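A.B. asks: Dock chain R against the given chain Z, drawing on the hints supplied.
The listed protein sequences derive, respectively, from chains Z and R. 239 is the number that this note's numbering gives to position 239 of the first sequence; each next residue is one higher, with no gaps. 149 is the number that this note's numbering gives to position 149 of the second sequence; each next residue is one higher, with no gaps.
Certain hints may be false.
Stated by the list, open to error - Below, simulated DSSO-like cross-link-like pairs (lysine-lysine); rule was C-alpha separation at most 27 angstroms, straight line:
#1 Z:K147 to R:K100
#2 R:K147 to Z:K81
#3 Z:K96 to R:K179
#4 R:K179 to R:K229
#5 Z:K255 to Z:K207
#6 R:K9 to Z:K270
#7 R:K34 to Z:K98
As the list claims (entries may be wrong) - Taking CB as the label site, the calculated pair distances span:
#8 Z:R339 to R:G352: 34 to 42 angstroms
#9 R:G63 to Z:T273: 48 to 56 angstroms
#10 Z:R338 to R:E172: 39 to 47 angstroms
#11 R:G192 to Z:N101: 36 to 44 angstroms
#12 Z:T83 to R:K12: 26 to 34 angstroms
Note that these hints are calculated values from the structure, not bench results. Quick caveat: nothing in here was measured; it's all calculated off a predicted structure. Virtual Cβ for every residue (Gly too), placed ideally from N, Cα, C.
So you can see what is in the structure, the chains are spelled out below.
Number of protein chains: 2
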Amino acid sequence: MRRSQLFIKTRKEAPADEEAKNAQLLIRAGFVHKEMAGVYTFLPMGLKVLEHINDVIREEMDGIGGQELRLTSLQDPEIWKETGRWSDEAVDVWFKTKLKNQTEVGLGWTQEEPLVRAVRPFVNSYKDLPFLAYQIQTKFRNEIRVKSGVMRGREFLMKDMYSFARTQQEHEELYEKIKQAYFRVFQRLGIGDKTFLTFASGGAFSKYSHEFQTVTDAGEDTILLDRGKGIAINEEVYDDESVAQTGVDKDKLEKVKAAEVGNIFTLRDKYSTPLGLKFTAEDGQEHPVLMGCYGIGPSRLVGVITELLADDKGLVWPERVAPYKVYLAGIGDDEEVRRSADEVYDYLTENGVTVLYDDRDERPGEKFADADLFGIPFRLVVSRKSLEAGGLELKKRTADATEIVVKNQLTQVLGSPGQD
Amino acid sequence: MRRSQLFIKTRKEAPADEEAKNAQLLIRAGFVHKEMAGVYTFLPMGLKVLEHINDVIREEMDGIGGQELRLTSLQDPEIWKETGRWSDEAVDVWFKTKLKNQTEVGLGWTQEEPLVRAVRPFVNSYKDLPFLAYQIQTKFRNEIRVKSGVMRGREFLMKDMYSFARTQQEHEELYEKIKQAYFRVFQRLGIGDKTFLTFASGGAFSKYSHEFQTVTDAGEDTILLDRGKGIAINEEVYDDESVAQTGVDKDKLEKVKAAEVGNIFTLRDKYSTPLGLKFTAEDGQEHPVLMGCYGIGPSRLVGVITELLADDKGLVWPERVAPYKVYLAGIGDDEEVRRSADEVYDYLTENGVTVLYDDRDERPGEKFADADLFGIPFRLVVSRKSLEAGGLELKKRTADATEIVVKNQLTQVLGSPGQD
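Bound conformation, chain Z alone (with noise of 0.2 angstroms):
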């Protein structure tokens, strides 16, 4: 992309009524728009990578088994009525509208409901079992107050996952997959290592849940973390129960402020018992689907990178998710540099890295600070000097030293286009 065609431009000063790191820094980069507290348009850098956080998750989630679909964001009230969940009374952040003939509508806010309702037709026999279902879908939450920028959202993207197993045992192995498949999903966004395992409360059918609890000043939680053995207590499960039942050495516990970016729970037979999710057993028996549900919020994670990996100059993307790996940049008023940079340019392309070409007639500093407010991992910079020396500056987004390379090693230095 040149970008004398991206429409977008970058300010030099955080908008007054944003209080969080995260919309400050993805606001001034031109990432995203605000329209309403909590309700974020994805401007086209944003969106990129927003959408390269999902296809992590997409291949994670395809890679154990599940299967896509999409729900719908208008919810009819009578499937919710069967499990006790529509009234305002027993869920608080309900969004509801009405059709023109006055039936209520809601939108969700969660599914378990209609999802139930969706594949009940296609379980009757165990032959049927078990199936991971799971959509990357807009999620909608009248939360009463909203002020961590993308982090929290009255409108917000998820991705949900369900598990459908017949036996206790079946549901635990379902459970550890994808368990398993979470750490690999924070791993490759580049947070794996401030990421952990997090006993939480359980609900009611099962003494704990877990989250994934990503270690930030800017998230919302606190949690007792024993950093040795990778395990953490949420704060309000925290006692010796929780501790013996955890294993984690009690007086090497760091409290520390955390923001959740995943959950996973066991619902046992919670929605598929009032709702009628049954099959027959080969014993000839019928019993109740056992399920889970295992949640990620992709655009909550956009902030929560933003929130860890942000420096002092701007945003830095780990390579898998930026929106392009590298930001080229002719410096001076040159017909040579010019041609060099517009070729670097298209062998790039042509190699498959993504490139955002800075074509545009400015001075060298009103480059390097977008190039660094962007957070794109490599910078390339053409310049006389540089081809004096035989060829590029290269730098990297979270480096000071640059280093000159040559065209044709670049594909080389830069490694292949998919990597994580």
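C.D. replies: Using the frame of chain Z, we list chain R on its own:
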């Protein structure tokens, strides 16, 4: 994908409450699930078709320089009040809901207003123009009646592109470029020969707009079509003037039902003037930006393709949008047949051909009926008989004839994986 892992099943009977042929077939085949009237969940194979349609649209929009972004569904009333489109009197398809503090918000049914506000900070000078921005996003419209299956929904997917130009001539050039991209989209989706550029009512600033109408009895529009010239006039603007203007041959016009699959509009400064989207030209004067908007309905296209191509055995998908390219079935209770079928499955998968492998213990008739109902372009059968004849039996979904092919020729016979 192994059929035994896929959680959906086909049904023999169409649902009693569904009038539209497209929804009847899509539900029978397990491609969609009806949540409410006009609100459909896309199950795994339906989502694949939808995403393949999106891929084609995205390639063509990116190919002409479109920059993808994603606006939000929740809509701030303030920006809509500025153009007079907030009130239910002005716009009768709004869904509205309330934040906890009782502020009313809407659900996006189109997005000119928020898009203009989002791009406004980036447009000052003639140097910032022109550009094309687009999204593929869920729209909500509170329709009184919906009876056309996925062809008209209360919640549906829409690709909406917007052009931003400096002069009328520049606008017209962009408009023409997008029009040509639309022709390519419908050609690649397999409905090009039934889809015609149609003159329709133009709104405030141009006498006519252009619709792309696909001839089908399931359509809600009536057009007067000059098949020889490949141009039509929507009944709503048919008169001597439109006949003269479009140059159709009045004596050759056919009156046919058609479904609108795309529309393109000149907006001039209808939104840019009230919303203050202006630029300083080279002469130092301020001008409003000249806009156009360009829609395609991907979820509607799923329905239109179904209506147009399905036959009495079920769905028929063009290769580019089919959920899988090949339906592979082993027939008979024979170890060699099973081993051969497994080998073919592995071979095709490794060669990038998408395969739905019916590995179930079912009668041949059941398997063949499902292959037809799903509408998968190629059916491959391995049986004792086919092995004795030297290979596999290949049948196209749209042909009656079968032929015997050997495994190593398969990729050649089936064509390259990505071809249109």
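A.B. asks: Take the hints in turn and mark each one as holding or not.
C.D. replies: Taking the hints in turn, this is what the structure says about them:
The hinted pair formed by K147 of chain Z and K100 of chain R meets the criterion: a straight-line CA distance of about 15 angstroms does not exceed 27 angstroms. Straight-line distance between C-alpha atoms of K147 of chain R and K81 of chain Z comes to about 26 angstroms, which keeps the hinted pair within the 27 angstroms bound. A distance of roughly 39 angstroms separates the Cα atoms of K96 of chain Z and K179 of chain R; the hinted pair therefore is violated under the 27 angstroms criterion. For a cut-off of 27 angstroms, the pair hint linking K179 of chain R to K229 of chain R stands: about 17 angstroms separates their Cα positions.
Only pairs whose Cα atoms come within 27 angstroms are accepted, and K255 of chain Z paired with K207 of chain Z is accepted, the gap being roughly 22 angstroms. Pair hint K9 of chain R plus K270 of chain Z holds up; C-alpha atoms about 25 angstroms apart against a cutoff of 27 angstroms. A C-alpha spacing of about 18 angstroms is found between K34 of chain R and K98 of chain Z, which places the hinted pair at or below 27 angstroms, so the restraint holds. Taken as a hint, the range 34 to 42 angstroms holds for the pair R339 of chain Z and G352 of chain R, whose Cβ atoms sit roughly 38 angstroms apart.
Against the hinted window of 48 to 56 angstroms, the Cβ-Cβ separation of G63 of chain R and T273 of chain Z comes to about 52 angstroms, which satisfies the hint. Separated by about 31 angstroms at the C-beta atoms, R338 of chain Z and E172 of chain R break the suggested range of 39 to 47 angstroms. Take G192 of chain R and N101 of chain Z: their Cβ atoms lie about 39 angstroms apart, and the range 36 to 44 angstroms holds. With their beta carbons about 31 angstroms apart, T83 of chain Z and K12 of chain R fall inside the hinted range of 26 to 34 angstroms.
Consistency with the previously given hints fails for numbers 3 and 10, ordered from lowest to highest.
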